[in-house]
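Q: Sequence:
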Amino acid sequence: MGEGSAAQRDLIAVWRRMLLLGLPAVQASVVLAALLGRGDTWDRLVDPALYLVLSGVLVAAWLAVLRGREVRAVTLLLTAGSGVMLGVKLLLLALLPVPRPLLPELLETLMWLPVLITWTLLSDLSRSVRRALNLTVLSVAALSALLLLRPVTQGAALDMDALRALLQINLAAAVCLYGASYFVRRNDTLGRAQGEQRVLRQLVYTDLLTGLPGRVRLGEHLRELAGRGGTFAALVVDVDAFKVVNDTLGHAAGDDLLRGVAQELQRLVPAGSGVYRLSGDEFVVLLPHADAPGAQWEAQRLLTHVPTRPSLQVGMDITLSIGLSVYPEDATEPEELLRHADSAMSAVKCAGRRQVRRYQPQQDAATERFQVLARDLSVALAREELSLHFQPVFRLSDLRPVKAEALLRWTHPQLGAVSPGEFIPVAERVGLIAPIGAWVLRAACLEALRWGDVTVSVNVSAVQLLQAEFPQVVQGALRDTGLSARRLELELTETAALYEDTRAAQTLEDLRALGVRLSIDDFGSGYSNLSRLRTLPITGVKLDRSCIQGLPDGPGGPFARALLEAVLGLTRHLPLDLTAEGIENAAQLTALRDLGCPLGQGHGLSRPLTATDFRALLHTLPPAGGQAGAAAS
Numbered sequence: 001m002g003e004g005s006a007a008q009r010d011l012i013a014v015w016r017r018m019l020l021l022g023l024p025a026v027q028a029s030v031v032l033a034a035l036l037g038r039g040d041t042w043d044r045l046v047d048p049a050l051y052l053v054l055s056g057v058l059v060a061a062w063l064a065v066l067r068g069r070e071v072r073a074v075t076l077l078l079t080a081g082s083g084v085m086l087g088v089k090l091l092l093l094a095l096l097p098v099p100r101p102l103l104p105e106l107l108e109t110l111m112w113l114p115v116l117i118t119w120t121l122l123s124d125l126s127r128s129v130r131r132a133l134n135l136t137v138l139s140v141a142a143l144s145a146l147l148l149l150r151p152v153t154q155g156a157a158l159d160m161d162a163l164r165a166l167l168q169i170n171l172a173a174a175v176c177l178y179g180a181s182y183f184v185r186r187n188d189t190l191g192r193a194q195g196e197q198r199v200l201r202q203l204v205y206t207d208l209l210t211g212l213p214g215r216v217r218l219g220e221h222l223r224e225l226a227g228r229g230g231t232f233a234a235l236v237v238d239v240d241a242f243k244v245v246n247d248t249l250g251h252a253a254g255d256d257l258l259r260g261v262a263q264e265l266q267r268l269v270p271a272g273s274g275v276y277r278l279s280g281d282e283f284v285v286l287l288p289h290a291d292a293p294g295a296q297w298e299a300q301r302l303l304t305h306v307p308t309r310p311s312l313q314v315g316m317d318i319t320l321s322i323g324l325s326v327y328p329e330d331a332t333e334p335e336e337l338l339r340h341a342d343s344a345m346s347a348v349k350c351a352g353r354r355q356v357r358r359y360q361p362q363q364d365a366a367t368e369r370f371q372v373l374a375r376d377l378s379v380a381l382a383r384e385e386l387s388l389h390f391q392p393v394f395r396l397s398d399l400r401p402v403k404a405e406a407l408l409r410w411t412h413p414q415l416g417a418v419s420p421g422e423f424i425p426v427a428e429r430v431g432l433i434a435p436i437g438a439w440v441l442r443a444a445c446l447e448a449l450r451w452g453d454v455t456v457s458v459n460v461s462a463v464q465l466l467q468a469e470f471p472q473v474v475q476g477a478l479r480d481t482g483l484s485a486r487r488l489e490l491e492l493t494e495t496a497a498l499y500e501d502t503r504a505a506q507t508l509e510d511l512r513a514l515g516v517r518l519s520i521d522d523f524g525s526g527y528s529n530l531s532r533l534r535t536l537p538i539t540g541v542k543l544d545r546s547c548i549q550g551l552p553d554g555p556g557g558p559f560a561r562a563l564l565e566a567v568l569g570l571t572r573h574l575p576l577d578l579t580a581e582g583i584e585n586a587a588q589l590t591a592l593r594d595l596g597c598p599l600g601q602g603h604g605l606s607r608p609l610t611a612t613d614f615r616a617l618l619h620t621l622p623p624a625g626g627q628a629g630a631a632a633s
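So that you can map any letter, position 131 of the sequence shown is 131 in full-length UniProt numbering, and since no number is skipped, the others follow by simple counting.
For the record, the hints were derived by calculation from the structure and aren't laboratory data. Be aware that one or more of the hints could be misleading.
Here are the simulated lysine to aspartate or glutamate pairs, DMTMM-like style, with alpha carbons at most 20 angstroms apart [stated by the list, open to error]:
#: 1; residue 1: 349; residue 2: 428
#: 2; residue 1: 243; residue 2: 256
#: 3; residue 1: 349; residue 2: 329
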């Protein structure tokens, strides 16, 4: 049994104390047995020697305990010594010619069993101790047989009283020793199970790196403070540029930094305060009796003094960002209080870091909404909250739908419909755009299988385009759904990366090699590097809605017409498909037709449709004649 932990040391201390008191008691019983002997020849010649040897074993064990010898060594001495004494007593009864009252002497041997049981219960049941116990039981059985059968071999009758006594001794030895052994093992198993439960509780409640209590204990403390009433404050403390430390100095230095910050927070917070580690480089400090000015002062003090030692430790200037909220002024629910403090800390990050900020409802509303969207968007796919609508792209000459743009929709269980213009940037910032984009690709391709020869267009962000594995994602969606590559068009957001980043250029080449079509979305609204259109492997351009707003007779009508004529000439020369976005009325449609624009899209032609409605449109759209007015109304 190791002696490393405090619990083990306590157990060993109790064990030593029991032996120091129990061994003299056993010795007293040995002396009493010697004094109460019957006075026959056996008691005068044999038992005193046996008692003397036993007393020597007891004294040796007592001295060993007193000197602090190992538990295992003393246990083995007592167990083996007692077993040997029991075996020797039976052997002498079988072999010595000294006259003896056999039955009383056999009954006296039972006194050794309680001694053995005691040592067994107190031992750690090491392999050597278990071996001694097994040898004791076997030797008792063998010597009992010798004691019974030796007289029979010499012509005497079998002593039935001795047989019954020896059967009781063997049965008692087997049952008591193995029963005690089972009891010890069971306790040992229970002890290990309890130890594992303590470790699991420690893992749940304690952060192993810093030794601080974690999120579970924080929640308990928050609820306790809220239930008590009065005012208290929560500080969310974040280590600025922690990723830089990990990337430049290594993760070991990052761990040292977190431990250092944890130690400094514990050292510097007021008495009675709680320090917790949430995750990563984020800590929480609870100030049980602080009002708003007091919390602000304590936070500023921590901001100034906590980084000093950790900065020296890692050899880099460390700063903190701290957000605070006060109960019940800023929130009346513990979880809300913590969320507000975290929102204030995020606002500090956006404002340049190294500051303290209290939660401000109006200014932090956008930050909190971002946090809610980021949290819930991570499970939106699993909860089947995302869906696709499809906005048709029409051939303007006959108003037949030849494409449909897949538009992602999110119906939040509490917030309702969330605009893609709001949640797509969130997905890009928190790293969710890749899994969401892959889902959109696959779902759009599956739906397009039901459209005949109509192409499906899927929007692709610059973040996806810069991912080296994106062509494999597209290839996987086509392979898994069975859609022909020529019926998939990827609409690329117009950014500087699209035109200038070499990784984007390579990705475009890989995508064209798959056979998919590539189109620049919202052309004319942003970067619009016209010279690069000649070298990019694209197949189409979607003209931004702002480029046709003046048509046909608005204030910007002449400019819009000139711009359209120039872009039409360019796309015919390259050649590229041109789609005009934002067609809202019949007049715009007529002007675009007159200019020869091939494709168009907008609410004046069709609003985004569900998958079912778009399939119905494909099956019920009337012939080209007489459609324009109905479609544009």
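Q: Would you mind marking each hint as holding or not holding in the structure?
A: Tested hints:
{"no.": "1", "hint": "349 to 428", "verdict": "holds, 18 angstroms"}
{"no.": "2", "hint": "243 to 256", "verdict": "holds, 13 angstroms"}
{"no.": "3", "hint": "349 to 329", "verdict": "violated, 23 angstroms"}
In the structure shown, a violation is registered for the earlier hint numbered 3 alone.
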